[in-house]
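*Asks:* Starting from the given sequences, assemble the full structure and let the hints guide the process.
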Amino acid sequence: MTRRGARSRRDLLRLGASASMLAFLPAAARVPTIYKDPRAPVDMRVRDLMARMTLDEKVAQMIALWATKSEVMASGGLDFDPAKASAAYPNGIGQITRPSDRRGGPQVSEVAGGTGARWRGSASTIAFVNAAQRWARATRLGVPILFHEESLHGYMAPDATMFPQAIALAGSFDPDLMYRVQSVIGREVRAHGSHLTLSPVVDIARDPRWGRIEETFGEDPFLCGEMGVAAVRGLQGDSATLQPGKVFATLKHMTGHGQPQAGNNIAPAPIAERELRESFFPPFRAVVERTRIAAVMPSYNEIDGVPSHANRWLLGKVLRGEWHFDGAVVSDYGAVEELERIHHIAGDRRQTARLALAAGVDSELPDGIAYRTLAEQVRAGTVAQAAVDQACARILTLKFRAGLFETPFADARAAARLTGNAEAQALALEAARKSMCLLTNDGTLPLAAKGRIAVIGPNAEIARLGGYSSEPRHAIGLLAAIRTLVGGSATIVHAPGALIVEGDDRSDDEVRLADPARNRQLIAQAATLAATADVVILAIGDTEQTSREGFAANHLGDRTELDLVGDQTALFDALKATGKPIVIAAINGRPPSWPTVVSRANAVLECWYPGQEGGTAMAEALFGRINPGAKLPVTVAREVGQVPLYYNAKPSTGRGYLFASTAPLFPFGHGLSYTKFEIGAPRLSSPKIGLAGTVTVEVDIANIGGRAGDEVVQLYVHDQVASVARPVKELKAFDRVTLQPGERRTVKFTLGPAAFRMWNVDLEEVVEPGMFDILVGPNSVDLKKAVLEIG
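Numbering (the working numbering), first residue to last: 8 to 798.
I should point out that these hints are in silico values taken from the structure, not numbers from a laboratory.
Hints should not be assumed to be uniformly reliable.
With a Cα cut of at most 30 Å, we get these calculated BS3-like pairs of lysine-lysine [unchecked claim]:
1. K739 <-> K792
2. K657 <-> K739
3. K324 <-> K739
4. K587 <-> K683
5. K695 <-> K791
Distance windows between CB atoms, simulated [what the hints assert, rightly or not]:
6. R632 <-> D311: 47 to 53 Å
7. G700 <-> K657: 22 to 28 Å
8. A279 <-> Q528: 48 to 54 Å
Every residue gets a Cβ at the ideal spot worked out from N, C-alpha and C, and that includes glycine.
*Replies:* Take a look at the structure:
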């Protein structure tokens, strides 16, 4: 026997064959099944498995089931039916979309609450996943199924922990917090049997009319990149293979999504290549180059006439070519079909499949409707076998990296122990506390826990969680939290004041503003109550209906106006007329462009959608138990006519308007505190560096107030003279610092070529010689300067 033959015999023995069995096997059958060997390199396992697969089995790996789940579920029930699955999918199943979602099954509630009918319970989800994986193991090749879930700011399923919305987490300016939050989210997703999640969103957001702005990390490329890197590392770790408690991340949506024409979701993004490379690409590039990101999702919109799901330049030349991304590209839901239905660049589903596959889309979500035509098209000669092989190989690589061939099952007891547990709740509270952003304050805050306090407003009672949320085990609104915190030492009275819309189910297609006549009655009642109080806390803003993803023509979420919706300004006016101090708790998903209310309120606390523990954090901030330290991750416009308005604009922006100001209501990076900080001028380690050099910037910061607090030291760069127009300033570093009263600290930043590079007139990425302003301060306006020469 040759040495190679002996090795093959040992491999088969290790895989479970007995010596007596081997004696009767033909020579060809004695070749080891490499793809089943967890010790073999992933690329070898993929090649071995691919060599054994039929065309139909390969295409099956590129599709998913969502509405089509009914084809693999018991009639009238929610259980996975192996017999139905074998009949409907004899070649296997690549992915199943959101196992926690009942899509495809009967809408019978397992979970108490308003949207319970949409979701399975935890045990039901795991039972479904495990049954499907047992069936997959029994198929001809035993290829496991990849399950994916949504987890924008928490695993979107019942009982999971709901953290502050993405834009609120970005306002923390705390990448370590983001890492820890996403680590908990990842383990809750993984505990339920899914190995891929569709998060994070690193689109830069420049249009507050867009209902999805809450899903983003704000307007700044550097901040979005830092938060995106932290999120991906938290979700999936840094290992090439998925470790226990981790889940693969999906970077989305590439790109231009955050500045759609007229602020309308999926509308064209009329953005030039230089602007793409300078502003929209950097967060994606940062994540791809600094993490092992597993998947990327293209955006719905088109750029220069080419929808992202058919954009070979975007997904091929840039993503895979320039950035060397080697993971899987998965479609946004329905986006491949939209190449025909909305963009009209294809005549039928077969053509949409060809366009998306040629662009590099490896898997069509959520149901793979167009990709189901690929096997037939390969046989007809209209699609190359090599294109299918390449996409299939990428999906299989993901499955091998995830360890699905070895450990595809979930443990219901472990999921119950991990999901929404005390540790997760404590982190949700920490995240909510660090997301509180104090916008204005005339000294009314923090409030004293005494006297008669009126808590009024349509957002006072409900714990608003924002889009892509489910129902956590625990959630607390502002009113309940205030009663718990200070109800023993103050009298708390409440009135709703007004309703914003009719109904609170974000899944409703139609959104109707509340009845004005009814609101007039509620406003009068609230004003009467406020007149008896010493101070008014007014909780106003958005609902999950008034700012959301407009995913269809009959399910809209974008707006043409930015001010408060409905009768909320009228409510404020009535309360203001009582002469009582009014403190605003802004609970919202889009920036608070409320000039009338902001200018007349005694204080405004921006809370965003603060997550399941948000009520406690808001109450603590209002009554001084914590000191707000977050900053705005967006520029807040005064009025819609200023849009798009962002801090890192070009110098020709903002000459002026007749009868109006060009200044924002609040600048990017703004946020106040209950203490005072003093930030010194930046000091450079050298006044001059070479084109490839680095410089250390030192900044002294002191807490000169009377209580502990957090300040975010922000460092911006401005190229004084360049070959093309450059932004007036660009964020390049930040550090959130906690200081006790009287404490001083020196913060150090190191800036290398990445902080100064630009795309020159020939669209070459270079560092040009010249003079650069190094600007440091607590926001994007109040800055102190040093000058650095590069050359």
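*Asks:* A separate judgement is required for each hint: does it hold in the structure or not?
*Replies:* These are the hints, each one checked on the structure:
1. K739 <-> K792: Cα-Cα ~14 Å, so holds.
2. K657 <-> K739: The given pair, whose Cα atoms are some 17 Å apart, holds under the 30 Å limit.
3. K324 <-> K739: Satisfied, since the Cα-Cα distance of roughly 27 Å is no more than 30 Å.
4. K587 <-> K683: 27 Å, holds
5. K695 <-> K791: Distance of about 19 Å is within 30 Å: holds.
6. R632 <-> D311: 47 to 53 Å: 52 Å, holds
7. G700 <-> K657: 22 to 28 Å: Between G700 and K657, where Cβ atoms are some 27 Å apart, the hint holds.
8. A279 <-> Q528: 48 to 54 Å: Once the Cβ atoms are compared, 53 Å apart, the range 48 to 54 Å for Q528 and A279 holds.
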